[in-house]
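Undergrad: What follows is the residue order along each chain.
Number of protein chains: 2
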Amino acid sequence: MLNAEIIAIGSEMLTPFRIDTNSLWLTERLNAIGVEVRLKTIVGDDEARLEEAIRDALRRSEIVIATGGLGPTEDDITRKVFARVLRRRLVLHHPTLEKIRARFAHRGIPMPAINERQALIMEGATLLENNNGTAPGMLVREGERTAVLLPGPPREMKPMYSTLVEPVLRERVGEMFILRLKLSIFGLSESRVDELAAPVYTRYTNPTTTILVKNGQIELHLTAQAKSESAAQGLLDELGGKLEEALGDVVYSRRDETLEEVVGEALRRRGYTVATAESCTGGLLAGRLTEVPGSSHYFNEGVITYSNEAKIARLGVPRELIEAHGAVSEEVALAMARGVRERAGATFGIGITGIAGPGGGTAAKPVGLVYIGLADDEGAKAIRMIFPGDRHFIRVLAVNTALDTLRRRIF
Amino acid sequence: MLNAEIIAIGSEMLTPFRIDTNSLWLTERLNAIGVEVRLKTIVGDDEARLEEAIRDALRRSEIVIATGGLGPTEDDITRKVFARVLRRRLVLHHPTLEKIRARFAHRGIPMPAINERQALIMEGATLLENNNGTAPGMLVREGERTAVLLPGPPREMKPMYSTLVEPVLRERVGEMFILRLKLSIFGLSESRVDELAAPVYTRYTNPTTTILVKNGQIELHLTAQAKSESAAQGLLDELGGKLEEALGDVVYSRRDETLEEVVGEALRRRGYTVATAESCTGGLLAGRLTEVPGSSHYFNEGVITYSNEAKIARLGVPRELIEAHGAVSEEVALAMARGVRERAGATFGIGITGIAGPGGGTAAKPVGLVYIGLADDEGAKAIRMIFPGDRHFIRVLAVNTALDTLRRRIF
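Protein chains in written order, with the working numbering: chain A, 1 to 411; chain B, 1001 to 1411.
These are computed hints drawn from the structure, not numbers from a lab. Since this is a predicted model, take the numbers as computed values, not measurements. Think of the CB as a built atom: it goes at the ideal place given N, C-alpha and C, for glycine as much as any other residue. Careful, some of the hints might be misleading.
Quick list of in silico lysine-lysine cross-link-like pairs, DSS-like style, CA-CA up to 25 Å [stated by the list, open to error]: (1) K214/A <-> K1227/B; (2) K80/A <-> K99/A; (3) K158/A <-> K1214/B; (4) K1242/B <-> K1227/B; (5) K1214/B <-> K214/A.
To give an idea of the chain B side of the interface with chain A (calculated C-beta under 8 Å), a few residues [what the hints assert, rightly or not]: (6) H1221; (7) F1299; (8) R1314; (9) H1392.
Negatives, chain B to chain A, calculated, CB over 12 Å [said to hold, decoys possible]: (10) E1171; (11) S1191; (12) G1248; (13) D1249; (14) R1268; (15) R1408.
Bound conformation, chain A alone:
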């Protein structure tokens, strides 16, 4: 597999306010033709550091793509520094100069003298025309290496890459299909997932497998490459199937769905409905359920009963139950689930009560303690969890766990 590096050039990306996002798009396009991105560098308007970054990249990687720093000002040093590293002269490209002049003339503005710099091209480079701005790009071959200089603004960079660079790279790479599969997992720690999955995926170098953690959920990303689409799909199916077997029902999607989409689809298909009664999660569970378009098919109503009085008045939780066990208790979670199910006339009722913190924890009931009750026509069950993290994270984990509990009940 050919490998590439991306160098993003511009001091604004070394401030707290701006990030390089061009490389995400470029990575997707490069991956799609079978080129792997192995390193990214973000460097400012700093000639020494840029020179070193370019030298290192050309030594390590077959394809080097630089974005930014092709503007008309003193700060725009990309052209100059690449020419120095590649020991090529910069020569004035007259047709480009005329084009830039015409661009300004069209807007009724005389071309500032500094824009002349944008018509300087490295000797031996292929000029990449810019139809959405003034700065042309360049593509240079140096032995087995290919260097590509692209403008920074996405609306200039993207069409230039798509029309002028990708075809050249695709020819170098040959016909190659890269497909991906994502397994979404809930209910195990990252290390436990790896313990189960590594003995399977380490036997394969193609597909490659990456583990990601996101909001307490685990994702396994598989990437396969082959000379035909069906061969790549076959590789994914084989490893994906074995991983699903090894992991079991903690895998909730292999189609990049969210938990609420999986749950929603399952409810809808069976004609079930769900109603929610939330205390510590304060509406976030209902918020997630209703994030899915069409959720009105299976979600009619929910309540947020933050105070004890609300739990009593809106859900019929007996006052004595709260007094005997506390608002954060299995008994109250069950009563909330039953209460909301009954009042809403839903197939399922979910009740959540817990201590999201930062205050309110005790030795017996620490911050992070959450009870999740699930009621159906056969009765109600509750689970007890102690979630780590801050208030926000505890609430997110509680919502995820509630969604997953419902998923497991339906499947």
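Please build the complex by placing chain B on the supplied structure of chain A, with the hints as guidance.
TA: Frame of chain A, contents of chain B only:
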């Protein structure tokens, strides 16, 4: 000015799916104590490239901060490669191992054997305790250089940096005070904010001013530097005051608060309470209000009345009103606000009804149409908005607008 480099480690950041955002936060904190970020490298689980990145960074820059790759799996190579470059042995730190074991035990899970690796520490390094996860960080001095290894997850990395790393770096940097002020703005477009603010801030080079847009909200970031804290604060106060004057009451915070924090503090100070009745936002308004610790002081309950039946049964919205005007109408928003206020016995009631899409829009009632009703002891008022964007963005804008409407009512 001291300079720093940041190395973000993890193959997921070389895919199209994930980007390094830790460095934005770190850059802000480093800038705030007078350290400039000169280069960022993003490298995968690739020992050779990581080794080179670390070597280069330590040669070029006084401070090198690495994030990520401290997890328990084979892919987590940061510890090992730093130890190799710095020629230090990795030794097992028993108290850390016990802490990791206890963390698992607290959650009732046995520690997987692979987690033992996270208790390996470089000889001579300062251990950085992790109170939000298993992997500790490290700080190593090598002559004039300082290397810092931090975990990748932001909720682990940020508190570790703030409490254990920043004080050490601040001591090295000495006296230069960089202070920031953020004006948070809601209710005007970016270009309108700039029209009002630019005539004021362009007269200053210190503080510098940057405009950012985030979830439909505008932020003005002012950065001042001076030899004393009071001098820097004085510069911020002067320009900040003038900008607030130019912008008026669209500025809802100058202390980096969220809308729900500002609203919550105002409710609390006055002893007011609020209850929510949500249709299209499906619980997200209550979710935002309860994101604030201590929100139980002013929030007791809310309902999500997604279906018409729920609006009628839970809020007393007259069926004829829905039949005459439709569920998405000013009349229904007002009735929801009144209904929930009365049932909850709250100072304020908020009702939200709208069309979040993607389906359900008509010419008369397009996707994005949202009515927000606010009821108090004098009656009820509603506003009508048409929000742009997708389902998610429409819901976020509706919640922000509801919070801001309440803010303006209280102040």
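Undergrad: Measuring from the C-beta of F1299/B to each C-beta in chain A, is the shortest one below 8 Å?
TA: 6 Å, holds
Undergrad: Using Cβ atoms and 12 Å as the threshold, tell me whether D1249/B really stays out of contact range of chain A.
TA: Label holds. Min Cβ-Cβ 25 Å, cutoff 12 Å.
Undergrad: Does the claim that S1191/B lies off the interface hold, with its Cβ farther than 12 Å from every Cβ of chain A?
TA: For S1191/B, whose nearest Cβ neighbour in chain A is about 18 Å away, the distance exceeds 12 Å, so it holds.
Undergrad: Hey, does R1268/B actually stay past 12 Å from chain A on C-beta?
TA: 14 Å, holds
Undergrad: Is the hinted pair K1214/B and K214/A satisfied, with a Cα-Cα distance of at most 25 Å?
TA: With Cα atoms ~21 Å apart, K1214/B and K214/A stay inside 25 Å; holds.
Undergrad: Hinted pair, alpha-carbon criterion (25 Å max): K1242/B, K1227/B. Please report holds or violated.
TA: 23 Å, holds
Undergrad: K214/A and K1227/B: Cα distance at most 25 Å?
TA: Violated, at roughly 42 Å.
Undergrad: Against chain A, with CB atoms and a cut of 8 Å, does the hint on R1314/B hold up?
TA: 7 Å, holds
Undergrad: Is the nearest Cβ of chain A still more than 12 Å from the Cβ of E1171/B?
TA: 22 Å, holds
Undergrad: Restraint: H1221/B near chain A, CB-CB cut 8 Å. Satisfied or not?
TA: Since the shortest Cβ distance to chain A is 7 Å, the answer is holds.
Undergrad: Does the interface hint hold: is H1392/B within less than 8 Å of chain A, judged Cβ to Cβ?
TA: 7 Å, holds
Undergrad: Does G1248/B really sit off the interface, with its C-beta more than 12 Å from all C-beta atoms of chain A?
TA: About 25 Å separates G1248/B from the closest Cβ of chain A, which puts it past 12 Å; holds.
Violation of the numbered hints given earlier is confined to hint 1; every other hint is satisfied by the structure.
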